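Asks: Going down the list, the sequences are from chains Z and S. According to our numbering, the residues represented by the first sequence are 13 to 624, in order. According to our numbering, the residues represented by the second sequence are 151 to 585, in order.
The hints are simulated quantities; they were obtained by calculation from the structure and are not laboratory data. This structure is a prediction, so every number in the text was calculated from the model and none was measured. Mixed in with the good hints there might be a few duds.
Unchecked claim - Calculated lysine-lysine pairs in the DSS-like style (CA-CA distance at most 25 angstroms, straight line):
#1 Z:Lys479 - Z:Lys465
#2 S:Lys442 - Z:Lys331
#3 Z:Lys433 - S:Lys552
As the list claims (entries may be wrong) - Here are the simulated distance ranges between beta carbons:
#4 Z:Leu342 - S:Val336: 53 to 59 angstroms
#5 S:Asn521 - Z:Gly364: 52 to 58 angstroms
#6 Z:His88 - S:Val433: 18 to 24 angstroms
Even for Gly, the Cβ is constructed at its ideal location relative to N, Cα and C.
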Amino acid sequence: MKSGSNSPVPPAEQAKRSQRLLSYGYSLVAVAVLLSLVAALALPKGFRLSLFGDLLEAGLVVTFACLALQNMLRSHAQVRAFWFLLFIGATMWLASLMIWSTHELFFQRAVPDVPLADIFLFLGLVPLVAATALEPQKAHDSRLRSFGLLDLSILILYSLYLFAFFVYAYRLLPGDLAIYNHNFNVADSIGNQLFAVATGVAFIRERGAWRPVYRLFFFSAAAHALSSDLINVAIDTGGYYTGSLYDFPLIAGMSGFVCVCLAGRPLLQSAPVTEKRKEGQQKLLRGFAFVFSNLAMLVTLSTPGIGLWLLTTYAPHDKLFAFRLEITLLTIFLLTLLLSIKQDFLGANLFGSLRNLSHTYSSIERFKDHLVQGDKLASLGELVANVAEQIRTAMNVIQEQVSVIITRSGGESRSQALAGKIGQYAERTDALVENMQRFAQETPLELAPVEVKPLLESALHLSRIDKLKNVQVQLQAEADCPAVLADSSQLLHVFLQIISNAMDALEEIGGGELTVSIRSCDPQVCIQFSDTGPGLRHPEHAFEPFFTTKPVGKGTGLGLSTCYGIIRQHEGDITCGNRLEGGAYFTIFVPAVARTASESGIPTSVVSERAG
Amino acid sequence: MNIQARHKIFLGLAGAIFLLHLGVAAFAKPSFRLTIFGDALPCGLLVVAILAVRENFRFHRAVLPLFWKLMAAGLFQMLLSQAYWFYYDSVRRYSAPSPVIGDTLFLLAHVFFLSAFVLRPHSASAGHDMRLRHLDFALLTFWWLALYGYFALPWQSVVQDFTKYNPTYYFLALVQHLMIIIGLAVVWKRSRGLWRTFYGSFICLFLLIAAANLLQSVAIDHGLYYSGGYYDTPFLVSLLLVTVVASYGPSLQPEEDKTPNREINQSLWTARIAMVAILTLPVIALLGSFEKNVPEDVAAFRLRLVLGAMLLLSGLVFWKLTLLARELRRLVRLSQASLENLKSVQAQVTHSQKLAALGRLAAGATHEISNPLTAILGYSELLTDIPSLSPGDRESAQIIQKQVHRAQAAVNSLRNTLRNPGSLHPTTMGEREDS
Chain Z
13 MKSGSNSPVP
23 PAEQAKRSQR
33 LLSYGYSLVA
43 VAVLLSLVAA
53 LALPKGFRLS
63 LFGDLLEAGL
73 VVTFACLALQ
83 NMLRSHAQVR
93 AFWFLLFIGA
103 TMWLASLMIW
113 STHELFFQRA
123 VPDVPLADIF
133 LFLGLVPLVA
143 ATALEPQKAH
153 DSRLRSFGLL
163 DLSILILYSL
173 YLFAFFVYAY
183 RLLPGDLAIY
193 NHNFNVADSI
203 GNQLFAVATG
213 VAFIRERGAW
223 RPVYRLFFFS
233 AAAHALSSDL
243 INVAIDTGGY
253 YTGSLYDFPL
263 IAGMSGFVCV
273 CLAGRPLLQS
283 APVTEKRKEG
293 QQKLLRGFAF
303 VFSNLAMLVT
313 LSTPGIGLWL
323 LTTYAPHDKL
333 FAFRLEITLL
343 TIFLLTLLLS
353 IKQDFLGANL
363 FGSLRNLSHT
373 YSSIERFKDH
383 LVQGDKLASL
393 GELVANVAEQ
403 IRTAMNVIQE
413 QVSVIITRSG
423 GESRSQALAG
433 KIGQYAERTD
443 ALVENMQRFA
453 QETPLELAPV
463 EVKPLLESAL
473 HLSRIDKLKN
483 VQVQLQAEAD
493 CPAVLADSSQ
503 LLHVFLQIIS
513 NAMDALEEIG
523 GGELTVSIRS
533 CDPQVCIQFS
543 DTGPGLRHPE
553 HAFEPFFTTK
563 PVGKGTGLGL
573 STCYGIIRQH
583 EGDITCGNRL
593 EGGAYFTIFV
603 PAVARTASES
613 GIPTSVVSER
623 AG
Chain S
151 MNIQARHKIF
161 LGLAGAIFLL
171 HLGVAAFAKP
181 SFRLTIFGDA
191 LPCGLLVVAI
201 LAVRENFRFH
211 RAVLPLFWKL
221 MAAGLFQMLL
231 SQAYWFYYDS
241 VRRYSAPSPV
251 IGDTLFLLAH
261 VFFLSAFVLR
271 PHSASAGHDM
281 RLRHLDFALL
291 TFWWLALYGY
301 FALPWQSVVQ
311 DFTKYNPTYY
321 FLALVQHLMI
331 IIGLAVVWKR
341 SRGLWRTFYG
351 SFICLFLLIA
361 AANLLQSVAI
371 DHGLYYSGGY
381 YDTPFLVSLL
391 LVTVVASYGP
401 SLQPEEDKTP
411 NREINQSLWT
421 ARIAMVAILT
431 LPVIALLGSF
441 EKNVPEDVAA
451 FRLRLVLGAM
461 LLLSGLVFWK
471 LTLLARELRR
481 LVRLSQASLE
491 NLKSVQAQVT
501 HSQKLAALGR
511 LAAGATHEIS
521 NPLTAILGYS
531 ELLTDIPSLS
541 PGDRESAQII
551 QKQVHRAQAA
561 VNSLRNTLRN
571 PGSLHPTTMG
581 EREDS
């Protein structure tokens, strides 16, 4: 119970440690059981034995509750629900035991008659049975999972009602405790048998890692059922006293529950298993799931039925009748109240889902608007390709003429120099246009070694961010950075998109700084854009399609998602977030061209260098 | 004949029946004939009102058809209730053996009116998600019947005691009327234009019915009431008003809600109100079990009624919860599916997005290309300025200049198009190709 440290321990050693802890626990439990046996045989009936017996039982139940609580805190989802239910059950038993012991030890009664203790003892079974029915080791369909805290409250309330109706009501009859005791024994016995059967079924059904847990659970439940029947009989015949041999199965059962918690410890983080089932089984299971998830509803429906049955013996002046009628009406009220709360939750949930759905639909609407423009954009593509072709033809003609002039003007340096200049510019123009043309063409990813820095420079140039007055751009390139394996036009598109985002962000606050750094993060190259703008409002959504924080008409919310798609196509990665100093950062990782010689890439974490 | 004209005819008919009533009430003495006449009048007015309302079924604007159908259903129940009295008073010629059927129908009619108004006929977005609303409506109806069954019915069916039945019945009717009137007053205050008149008329209508009911009960208590007299006038005026309101039907236009999600909130609240209503039943029964002066039979009847009603209502709630859960699962699946859909079409959008980026790129490129072109032009002019240039070179330089102009023209056309994307469509492409 003290291995809560987070220090990194190898899994093998951890398993060994938990194994050791488990064996300590088992031996401790064994000692307790032996002690009780010795005490029962050695000590005479009396206060000392009672004290010992009560303390031992209380100790075991407290351990059970504590271990269940600890297991609950360390686990998640279904498994957590399982331990939570066990904890609730243990707490109720503890309450019952405390009340019983107080009466026995302080008021010095051999077999105290405390209905409150009986009620807790009886109610404790409800969460335990519910825990067994939960089957935390399996991946359930959504129907089963909808069983919640409200349903549990309804079931507990209903058990309380049944107890009051069939058992407690007889305490109201003057001087007749016999019926009460008898009915309590029957009710308790039925509850215990049910619990034992439930755990037994769970044990038989489970074939995986949880089998040992269920085996212990079943044995404990069976021992508990046996002990409570035994004790009840012993009380009736007058042979019972606390600490006697009759308590031995009870102690064994309680120890068993402690062992259940210990055995369950290695399984706290286990993921639920989806199991394949046969057709017939599937149907049966669906029926079971329906009954289980609607159990709360079905029991609620039964209360007016019980009331109507009660009315067939209408006797308004009978105390028993009046009491039963009143508790029935009260229970109907409370159960209906709980159901209303459940309905309200469901309704609110539905409301939320509807809102989500309408959000998605409005996204689709926006998307449609966008597609209408698609035609226009397609003709723009044609136009660009056309213009590019014309310019390139012109440049080719010019270059031809330049070479003609250069070859013809034998030695005349001035015309040769001028022609040379013309040729240079024509070549530059041609390269620029070629880039644009390639972009306009619908080509599959053409992976080739690309130098990042020149591409980035041309992206900065094309975006004309350097023409903005209040925006400073810094480009920091690590020397000796490898080329990346990428489609240059696609990568250019990504750069342009991110730069344009940064421009928008900086313009929004009237200027700032954009820092672009290129580093080698072997085996990738990392390109980081960080601005001093207002930052991303929802960085976690930035790459989702249709997500935009820009006013309607300005952003389509598609740009970054496209970037994400492109980078993923390159088998790279793109992340974004907000810097501690303010402003947003986008980091792109693209696979580097494998370097044969110099292996100098020092892996540096992105986060630590964000400040630079 | 158009609708307006038909509404005018119904108005005329209703007016005529009403004037007839005024005339007869002024001159006739209480007699058997007057009773027959007095019982027949509301039936006639109700028939006219139902026919007038029926004309409005055809206007498919938001929930209006449903609204008018519910109104017609309510009016029809009132007609049945009146016909019941008419049958015993006039045909069988003795007082009805029990007022229960007539009274139940009368109360139920108002449940229909109430639910018609809860639909919010003035809202354009009303009427979504009707399935669960039907259930809520059923819950409230059964609840109301259970209240009637609890408070009033036993004084008729278990013990014949009119001194207890009548006040209870009239009190229940009054509560119902007040509920409708308060609800209407709230919508009336929020509405404008014709809708204000519409709701205002309904307020008058129900005030009159409530007043008529009270007047009737007081008059019966004092032995003054007789069928066909002026005691009937308020009730008849209210029935006349129904025909008047129905004539607004053709010109009613639902409006958009000012607050978003109004409709969903409304259905959430309807559900809550229905659940609170159900919760009152066991409380009433619990409180009732402490009541001392109730005959044993009545108490037993009441308990059976409450428990039976709870069984029925819990069953309905169960059904509703199942529907809600199923709906929730369906919605979750639906939103998952639509999300998948979105992802699959994203590929298409990536394409058009790329073209959008191309637009930006092209805009940058035109700028970038202009500079070297200007430079080429400048150098080629310098070239031609050289006096000793050979004719061949001069010609080459001229060719270069011509090509630069050509390229510039192309760049300019692209720039113009990008500046004014509205002009961009495939037909203009051919023209530009020649320039």
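Asks: Tell me the hint numbers this structure goes against, listed in increasing order.
Replies: Numbers 4 and 6, in rising order.
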